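J.: All chains should be modelled from the sequences, with the hints used to inform the complete structure.
Offset between the sequence shown (1-based) and the working numbering: plus 155.
Treat the hints as calculated values from the structure; they're not laboratory data.
Since the model is a prediction, treat every value here as computed from it, not as a measurement.
Errors might be hidden in some of the hints.
As the list claims (entries may be wrong) - Below, simulated SDA-like cross-link-like pairs (lysine to any residue); rule was C-alpha separation at most 25 angstroms, straight line:
#1 200 x 218
#2 199 x 185
#3 199 x 179
#4 200 x 188
#5 199 x 181
#6 200 x 210
#7 199 x 183
#8 199 x 209
#9 199 x 217
#10 199 x 188
#11 200 x 189
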Amino acid sequence: MDATAVLSSIASSIVWAFIGVILLIAAFRIFDIFDPVAYHEEIKKGNVAAGVVVAGVMIGMAIIIYAAIR
Numbered sequence: 156m157d158a159t160a161v162l163s164s165i166a167s168s169i170v171w172a173f174i175g176v177i178l179l180i181a182a183f184r185i186f187d188i189f190d191p192v193a194y195h196e197e198i199k200k201g202n203v204a205a206g207v208v209v210a211g212v213m214i215g216m217a218i219i220i221y222a223a224i225r
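T.: Printed below as a string of structure tokens:
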């Protein structure tokens, strides 16, 4: 494998990672708009259940975005 192919692969990975993070943030913002619970405030108060919900939503969305990008 030559250096050009390696650099191209690295650049492609960085671009797709950036796109994935942007999509994940956008998906969570959309979820936050449609869900009436203010998760950010609940997590600040120490509500562990809100943190578990946010973690589950983020993991679920990440799996979907990974499948779409792949």
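J.: Regarding the pair residue 199 and residue 183, is the alpha-carbon distance no greater than 25 angstroms?
T.: OK: residue 199 and residue 183 at ~18 angstroms, within 25 angstroms.
J.: Taking 25 angstroms as the top limit, are the C-alpha atoms of residue 200 and residue 188 close enough?
T.: Holds. Residue 200 to residue 188 sits at ~20 angstroms (cutoff 25 angstroms).
J.: Does residue 209 sit within 25 angstroms of residue 199, going by the straight-line distance between their CA atoms?
T.: Answer holds: residue 199 to residue 209 is near 13 angstroms, not above 25 angstroms.
J.: For the pair we were handed, residue 199 and residue 188, check the Cα-Cα distance against 25 angstroms.
T.: Given pair residue 199, residue 188 holds - Cα atoms ~18 angstroms apart, limit 25 angstroms.
J.: For the pair supplied as a hint, residue 199 and residue 217, confirm whether the alpha-carbon distance does not exceed 25 angstroms.
T.: holds, 23 angstroms
J.: Would you check the hint for residue 199 and residue 179, treating anything up to 25 angstroms between C-alpha atoms as holding?
T.: holds, 21 angstroms
J.: Do the alpha carbons of residue 200 and residue 218 lie within 25 angstroms of each other, as the hint requires?
T.: violated, 28 angstroms
J.: Hint check: residue 199 vs residue 185, CA-CA at most 25 angstroms. Holds or violated?
T.: Given that 25 angstroms is the threshold and the Cα spacing comes to 20 angstroms, the pair holds.
J.: Holds or violated: residue 200 with residue 189, Cα cutoff 25 angstroms?
T.: holds, 21 angstroms
J.: Within 25 angstroms, alpha carbon to alpha carbon, are residue 199 and residue 181?
T.: holds, 21 angstroms
J.: Is the straight-line distance between the alpha-carbon of residue 200 and that of residue 210 25 angstroms or less?
T.: Since the Cα atoms of residue 200 and residue 210 sit roughly 16 angstroms apart, the hinted pair holds (cutoff 25 angstroms).
This entry does not satisfy hint 1, going by the numbered hints stated previously; all others are met.
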